[in-house]
Each structure stands twice: as structure tokens, then as C-alpha cells.
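Residues per chain are reported as follows:
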Amino acid sequence: MELNAAGGYNQRLRSLFERCGYRRYKMSKFEEYDLYASNRSFLPSTKVLTFTDTDGKLLALKPDVTLSIIRSFRGDGLEKLYYHENVYRESEVGFREIEQAGLECIGAVDEYCVCEVLSLAAKSLGELNRPAELDVSHLGILRELLKNSGIDEPSIKTAVLLFGEKNSDGLQEFLKRSGASEDCAEAAVKLSKLDCTASDAPKALGEILSGLVSWERLQLFCDTCEFLGREFPNTVRVDFSTVGDLDYYSGIIFRGYVEGVPQSVLSGGQYDELAARLRKNARAIGFAVYLDLLKPLFIEAQEYDSDALLIYSDDLDPDEIHRCAEELRSSGKSVLVMKNEPENLKFKEVYLAKKGGAKRVG
Amino acid sequence: MSDKTVNVALPKGRLGDKVYEMFKAAGYPCEALENPGRKLTFENPDVGIKYFWVKPSDVAIYVEKGAADIGVAGKDILKEYSPDVYELLDVGLGKCRMCVAAPSDFRDDYRKTLRVATKFPHVAKEHYSRIGRDIEIIKLNGSIELAPILGLSDVIVDIVETGATLRQNGLIVFDALFDISARLIANKSGYRFKSRRIDMIKENLQKVKENCDD
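Protein chains in written order, with the numbering used here: chain P, 1 to 362; chain U, 1 to 214.
Hint data in this document are derived by calculation from the structure and do not stem from the laboratory.
One thing to keep in mind: the hints can contain errors.
Label-pair ranges, simulated between beta-carbon atoms [what the hints assert, rightly or not]: (1) Val350/P to Gly27/U: 49 to 57 Å; (2) Cys212/U to Asp305/P: 37 to 45 Å; (3) Gly37/U to Asp305/P: 31 to 39 Å; (4) Asp34/P to Ser57/U: 35 to 43 Å; (5) Leu161/P to Gly27/U: 25 to 33 Å; (6) Ser57/U to Glu90/P: 17 to 25 Å; (7) Asp199/U to Glu32/P: 44 to 52 Å.
Listed next, the in silico DSSO-like pairs over lysine-lysine satisfying Cα-Cα at most 30 Å (straight line) [as the list claims (entries may be wrong)]: (8) Lys47/P to Lys125/U; (9) Lys112/U to Lys139/U; (10) Lys193/P to Lys139/U; (11) Lys12/U to Lys157/P; (12) Lys50/U to Lys157/P; (13) Lys193/P to Lys50/U; (14) Lys193/P to Lys112/U; (15) Lys50/U to Lys24/U; (16) Lys139/U to Lys12/U; (17) Lys207/U to Lys203/P; (18) Lys50/U to Lys12/U; (19) Lys157/P to Lys125/U.
Quantities reported herein were computed from a predicted structural model and do not represent experimental measurements.
Even for Gly, the Cβ is constructed at its ideal location relative to N, Cα and C.
Looking at chain U on its own, in the form it has when it is part of the complex (with noise of 0.2 Å):
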């Protein structure tokens, strides 16, 4: 493996798949990626590149700790982690917004600490501190919608995509938080010693993105 060789943590799954494909678009396609049998890894050593997969919580942990160069991270994971890594592009990949849910009969009482059930407990607690509102938060790890259903909390803090599952569920959207989009992250020191590849990769992944826009 090149000194120089690039290599990046790509998330799991559907948005890792469109993620890789950007790549590919871009000029660093890599064959044995394709084809992954048992392997972990995959090289292509004629563009430089390094590929593996990783779950998307963890890709600014491999990025921050510099075991990968660069990587792919929603924004929900950079605003919960906070990790210390730059953030070089929106690849415009996997749009949603972080927002507060809540039964469509829900009135705030204010007498009462809120009970918050989220998969994001710092950035609920951040948004609440903001706003100067006491809550409780209930850290769970997934099927949020179910928490306000049973009675387990007052509201969400999770990510909304097209509103399906909520309504389904008879929850409404009560307040957006941010937007989320999956980011091209860079670790801060790999950065300064691979700054003209890790820029071209960001160049070409940007024209990708604009040819999509288009």
C-alpha cells in the first residue's frame, strides 16, 4: 500500500451503496469492492484508493482516530459526536431533518419536566438548553416512535425522512431542528499530509454532485 493511498470509511448500507457509487462516479471505482467476498478491505491501487465498510455511527470514530483518511457521516452523528475532524463537502446523499415528535394531541405543560425519548440524547439536550426547558431524557436505540405511544416519554428527538412512519403511528412533526445530509469528513492530521489528494477527491465528488443536481 501507498504512503499516499487515500483510504476511507465508507457507512453500511443503502446510503454506504449510493455513497460508493459516488466515488466510483468520480473517478475511484474499485473492482474488488464489487466482488467483496470475505474480505474487509478493498484496494485499488491504480487511483490510490482504500475502501472499507463500517457502521455509520462509527465512521467519524475511525475518521477522528485516523485508521481512515476520510469517510461519509450523516450530519445527526457529526452534531451528536461532535468529533474533532474537518467537514469538507455535503454530498447531498441521504436528506432528512432532526426533528422534535409528538402525538397530534400533545400540549407542552410546562409545570412538568419533559420526558424526551431519542437515539441523540446531546442534541436534544442541547436543543433544550437553548430554549430553557427542564427534561428528562430517555436514551433509547431504536424503535423511538414506540416511547410517546406507551407512555414512555412526551416527545422524539429523531430523524424524520418523509413523515411516514410518524403518521402511521399518529405522531406530528412539532418543531425541525436541522437538516441532515451525509458529509465528506477528513481526519484533521491525515488532512496535512494527503491535503492535494483528499482536495481532489472533494473536487470530483463535487462535480459528481453537481452533474446530479443538474
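Only chain P is shown next, with the shape it has when bound in the complex (with noise of 0.2 Å):
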């Protein structure tokens, strides 16, 4: 029943990003050690599972996929690709293998490319049917704001990192202690404690940031808000506490949230500063969705293991045993043959395998 509830969010999946022209990209399990060793902080966890091959090379079990997208980029163009894969990622309990699906723009990606992604991200919680919000930011333009407040880089780092606090009160007191100008410390408070509609975002960005960053960048970002508010008035909402690693996103952040599931479900943004690491000329946006985490989503709770239990005794031919226990399937139910009733099992109704058919007995 669960498997097919999310192999059915799955395929739901696959579909929407097809429709939209995206191509699927498989990748090997393996990629060599040097592609995550040199891009460490971009991934969860820094522990990578390794082993070295028959020609000792030393290779990884992928903790990510969007590393091994932006490497195998050409450089021309543009390529809209999705995955549906698992990765091998460090856990409280050791290293666990994770499902995931996502997808991946890169290239000459516009305007138009962000919109459509962003829109895909809210469609790919609208699919699972539950209360959900994507929360959107813009990670250049907090840092625009907080360079512009006369503030050092490791500050910066720090201030974004109480921003993904919500905690504004720390910001205000740490902003004051670093010597950030005071307007720009200003409307650095107020902007952590924005957390507004898609649609009623441009008019609070205008207020609180006019005149302390680029007009050009805050007028695209408006203009996406807009496109968001229109198109997903209850799902998407502005929310500057939705941060990344400076190092790797330079634009749009967002994460997805589903009612009943305590972590972000969804993640994404542009991370042309990874493309330009991997020396790609190129801008990459894409989001992930964390599928393993919405697993018991899809988890029902069931009263009885089966239906049905058959019991048998050995004077029984095999034959006879498979007839009872065809003739309760072929009504529907699903039916557990055992010699004994098993412990810690429960079951609807309880057969016994007679010559000429089951009895019921429970």
C-alpha cells in the first residue's frame, strides 16, 4: 500500500518534469573522490563513502547529484535535466543510502527559467495532496545589503546564519557589535522579520530595502514574487530565514515544507557560484526533493498484517493447501499460510486448511 502511494508521488514526479521538457539523467553510483573532496561544504555531511578501484583510482559512493550535473555540462546552451537517484550520505547511525528526485537548469538560464523551476518546486509539494509552503529568498541580495552595511566577510557569514534563525534580536545586537551602518543594520532587522505572501513581498522588499542595494537586482526579484503570488496565492511565501552557503548560492533560496513532516522536504536555488567553482560559465538553478523523508507520509497505519491466516496440518498434500488458500485470495483478501499461528502477527480472520476447503475458526 505505502510503496505504491510513493511510487505513485514518483511517477507524479517524473511526469510533471517531463511535461516541461526536462530529460531524465542517470548517473553511476561511482564518481571519483576529487569532485566532492574539492566541493566539500557543498554538501550535508563532509564524510564521503570511498574505495579505491581495480586501477586505483580512489572513487565515492555520489552524496549528490547536482555536483555531477554541473560537471558534465558542456558549456553551450542550456539544459534542463531531472534525476530521480540515491545517494550515500553520513547519518546519526552511519552512513544510510538516500532517495531523492530533483532537477537541474543550467546554462544560459533567464529570467523566464527561474520562474519556471520555482514553479515546478510548488507544484512538486502541490502533488502531495497536504497542506504546504515553499519559502522563498534572495541570497545576493541579503548579501548586497549586509557588504553594503560596512561589514566584513566572516560577519557576513554570521549574520546570515541568525537570519536562518529568525533570530532577529541577535542580529540587531551582533550587526550593532560589528559596526554595521545603521541603516543598513535597519533594514537588515526588518528584513528577518519579513515573512509575507508572494504577492504582498514587493511593496514590503520596496520599503525596507529602497535605495541600500541594486534597483535592478530587487526589481527581478519583485517581478518573480509577483509571478509566485499570482500563480501559488497559498503556497509560496517570502521568508528571508531561508538561507544557504554563501559560497555556492548567489541568487533566488527556497525550501518546501509539508504538514506531518518536521524537516524541509524540498530544497533549492541558484548556485552559479558552484558552476563558476567547477569553472563552468554558467548560471544553475535546481531544487531536491527529499523523498525518504516523505516516506511515512505515505505510510497508512494498518490494524492487520493480513487478512487472512491459513492454518494447516501435515496430513494435508501440498495441493490441497494451495486450493484453500487460492480459493480465500480469489475473494479479494490477502491470506498468510502458516503450520502455526505466528506471534506478534494479527489477521482479520483465522482459516483452518480442511480436505474440500478452509474453515473458519476466528
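Starting from two chains that each stand alone, build the complex the way the hints lay out.
This is the structure we're talking about:
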């Protein structure tokens, strides 16, 4: 039952991405370790499972898909790709295999592409048919504001962490201590408290940021917010606690939440800086859906392990036992056939296999 | 239980009692909690709140994993474990400092690895890596002040409230790392779907705090 529901969601995602012309990107389980070693901070965990190949090369079980996709980009035009892969990451109890689906748009990414990817992220959450929210912010704007406040690079990173915690009081105190200019610090604190619908965002952002960051960049973000407000009025919110690593993310950044799952189930953004680090002259935007986090949503509470238990004794032929079981199954029941009643399993009905048919005994 | 009931993890102990008094003053009383018996969770459906007591160091785990929507945890715990939660308000209770302390005659000998005893290994590691000092961490779970007295460590990194325990044991503060107080934290996903209620609780707690400050 749960596998069908999860499989159905995976199928709907695939169909959603393919309807927009995204091509499936299939990758090997292994990649050269160097790719991950030089971009450790892009990965959710710095530990990678490695082994030596027969030719002496150090390989890794892939902890991430985005890096491989960007590396494979040839550098011309625009690529729109989606994937459904397992990645291998460290968890609290050792390494785990994690199922992920997502998409990447690389190359000549323009404002339309940004809107398309955000719209696919919102629709991916919509396919879950539960209350869901996509939170959007813009790391480029945030970084520019903090830079214009006059604080140094390490302080910008600390301030971004405080944004991520929604810790407005801590941010105000930190910016004051770091010698940030008053007007930018005041705007930063207001921005850290901003949490509004995408439609309300352009006005609010204009009031907070006007004259403090590049007008063109702000205008582009406001246009995107207006689009999102029109298309997804109940799903998208603009919330500047949505942050990421400044070394990789350069523009719009977003996280998706669904009711019933305590972590974000979708994460993405514009990562032009990562593309530049991999020496690709390209812009890039994409997102991943963490399918393993969604699995509990697809598991319905089951009162019984099987509809029926069929108990048989040694004096019956296998043929007769089989006939009894098939007769019960023909009425749509799931039937477990055992010689003795198993402990710790629950059944709606219990039958004894007899010559000429099953007899209900419980 | 209503879907919009806010689950609150309170830290057991003196701090937790004060935190509950603050919630009560903010308009979220719970009679069941004041007469606990053998129950573990305490609900007041009239104001849509459900409390439970947990070990102070576990509050952040309950909130991060979504078993609680909000909770109150010390800044020391948040710095040590860096849970992925929102830190919405400094509730102003449980004020103290994270400090490096050592015997009063201690002199740091840079030729040697510094032995640091602490309950907060991440905090200690971060502090000393920032100043480039080579250290060995000795992780203890209590009676940290004993470590330098018995020669187990050179210094300790620990919470200092009044400094009385340090003084009684011949130790002094060498460095104050950061101020600590209790913080209202929220689960990131839970906040998305109960934001109005959680923001209201935050505002009401803020008012209580301001009244106390006055």
C-alpha cells in the first residue's frame, strides 16, 4: 500500500518534469572522489564513502547529484535535466542510502527559467495533496545589503546564520557590535522579520530595501515574487530565514515544507557560484525533493498484517492447502499460509485448511 | 487534541518552573501541570497548548525532530548542538556566561597542548580553533571544577553563574566566551503551519518579559 502511494508520487513528479521537457539524467553509483573532496562544503555532510577501484583510482559512492550534473555540462546553451537517484550520506547511525528526485537547469538561465523551476518546486509540493509551503528568499540581495553595511566577510556569514535562525534580536545586537551602518542594520533586522505572501513581498521589500541594494536586482526579484503570488497564492511565502551557503548560492533560494514532516522536504536555489567553482561559464538553478523524508506520509496505519491466516497440518497435501489459500484469495483477501499461528502478527480472520475447503475458526 | 494545539517542551528543573510561570503569565496556564500526578503530558485545550517536561539538554532535540512545536532551551545547548531550529526570542531567564576558568596561578604554556575539561566539547573546540590554540578535549558530564584541581586538565570551559563555586575551589575566570540565557525555539516546519499561534505566544511572552524588566 505504502509502496504504491510513494511510487505514485514519484511517477507524478517524473511526469511533471517531463511535461516541461526536462530529460532524465541517469548517473553511475560511483564518481571520482576528487569532485567531492574539492567541494565538501556544498555537501550536507563532509564525510564521503570511498573505495579504491581496480586501477588504483579513489572512487566515492555519490553523496550528491548536482555536482555531477554541473560537471557534465558542456558549456553551451541550456540544459534542463531531472533525476531520481539514491545518494549515500552520513547520518546519526552511520552511512545511509537516501532516495532523491530533483531537477537542474544549467547554462543560459534567464528569468523565465527561474520562474519555471520555482513553479515546478511549488507543483512538486502540490502533488503531495497536503498543506505545504514553499519559502523563498534571495541570498544575493541579502549579501549585498550586509556588504553595504560595511561588515567584513566572516561577519556577513555569521549574520546570515542569524537570519536562518529568525533570531532578529541576536542579529540587531551582532550588527551593532560589528559596526554595521545604521540604515543597513535597521533594514537587515526588518528583513529578518519579513514573512509574507509572495504578492505582498514587492511592496514590503521596496519599503525595506529601497536605496540600499541594486534597484535592478531588487526589481527582478519582485517580478518573480509577483509571478509566484499570482500562480501559487496559497503555497509560496517570502521569508528571509531561508538561507544557504554563500560560497555556492548566489540568488534565489527556497525550501519546501509539508505538514507532518518536521524537516524541509525540498531544497533548492540558484548556485552560479558552484558552477563558477567547477569552471563552468554558466548560471544554474535546481532543487531536490527528499523522498525518504516523505515516506512516513505514504504509510497508512494498518490494523492487520494480512486479511487472513490459513493454518494447515502435515496430513494435508500441498495441493489441497494451495487450493484452500487460492479460494480465499479469489475473494480479494490477502492470505498468509503457516503451520502455526505466528506471534506478534494480527489477522482479521483465521482459517484451518481442510479437505474440500478452508474452515473459519477465528 | 486539535491540529493547531501547540506542543511545548519545557526544561525540567528550576529554569523550567520559571519558564512555565512565564507562559502562565502570558495567558497559557495549565491546571493539569500544576497538579501533575503520574502524567507526562499536560494539556489545556481552552488555550490550545500542551506541555511536557524533558531534560534541559533534550529540549532542542524534541523541537528539531518535531515532537514539540516550540520549547525553551539554554543558549549553551544551542551553541553546543547547533540544532536546525528557529530561535525566536531571548526569554531573559537563566542568565549566565560560558567561560574558560583555571586555577588562579595558571599560566598558559604554548609549548604544550592545552588540556580542556568540559561538558561542551564543540563550544570549546570552536573557541580554541578560532584563536589557533592546540588543545586536548576531556569530555566530562559533571563536577567539571574538579578536573584542574586534580590535574586532569589545565583549564575548564563551563557555565558560570555567580562564580561562587569557582572561587570556593580556587579557580578564576580567564575568558568569557558568550552570554547565556534561555531562548524560545521553534521547529522550522511546525512554525510554517502554526505560525500565527506561535507568533502570538512569542509576542505574549515578550510582553511578560518586558513587564518583568520594568
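Going through the hints against the structure:
In this structure the hint that Val350/P and Gly27/U lie 49 to 57 Å apart at CB holds, the actual value being about 54 Å. Between Cys212/U and Asp305/P, the C-beta spacing of about 56 Å breaks the proposed range 37 to 45 Å. A beta carbon spacing of about 36 Å between Gly37/U and Asp305/P agrees with the range 31 to 39 Å that was offered as a hint. Against the hinted window of 35 to 43 Å, the Cβ-Cβ separation of Asp34/P and Ser57/U comes to about 40 Å, which satisfies the hint.
Range check, Leu161/P to Gly27/U: Cβ separation about 32 Å, and the 25 to 33 Å hint holds. At roughly 23 Å, the beta carbons of Ser57/U and Glu90/P sit within the given window of 17 to 25 Å. Distance hint check for Asp199/U and Glu32/P: the Cβ-Cβ separation is about 48 Å, which falls inside the suggested range of 44 to 52 Å. The suggested pairing of Lys47/P with Lys125/U holds, with an alpha-carbon distance near 19 Å, which does not exceed 30 Å.
At roughly 19 Å between alpha-carbon atoms, Lys112/U and Lys139/U fall within 30 Å of each other, so this suggested pair holds. For the given pair, Lys193/P sits about 38 Å from Lys139/U by alpha-carbon distance, which is inconsistent with the 30 Å threshold. Of the supplied pair hints, the one linking Lys12/U and Lys157/P is violated, its CA atoms being roughly 34 Å apart against a limit of 30 Å. Taking the CA atoms of Lys50/U and Lys157/P, the gap is about 36 Å. The hint is violated against a cut of 30 Å.
For the suggested pair Lys193/P and Lys50/U, the alpha carbons sit about 26 Å apart, so the restraint of at most 30 Å is met. For a cut-off of 30 Å, the pair hint linking Lys193/P to Lys112/U is broken: about 47 Å separates their Cα positions. This hinted pair checks out: Lys50/U and Lys24/U have alpha carbons roughly 12 Å apart, not beyond 30 Å. Between Lys139/U and Lys12/U the CA atoms are separated by roughly 23 Å; this keeps the pair inside 30 Å, and the hint holds.
Restraint check for Lys207/U and Lys203/P: satisfied, since their Cα atoms lie roughly 29 Å apart, inside the 30 Å limit. A distance of roughly 15 Å separates the Cα atoms of Lys50/U and Lys12/U; the hinted pair therefore holds under the 30 Å criterion. Restraint check for Lys157/P and Lys125/U: satisfied, since their Cα atoms lie roughly 19 Å apart, inside the 30 Å limit.
When each numbered hint is compared with the structure, violations occur for hints 2, 10, 11, 12 and 14.
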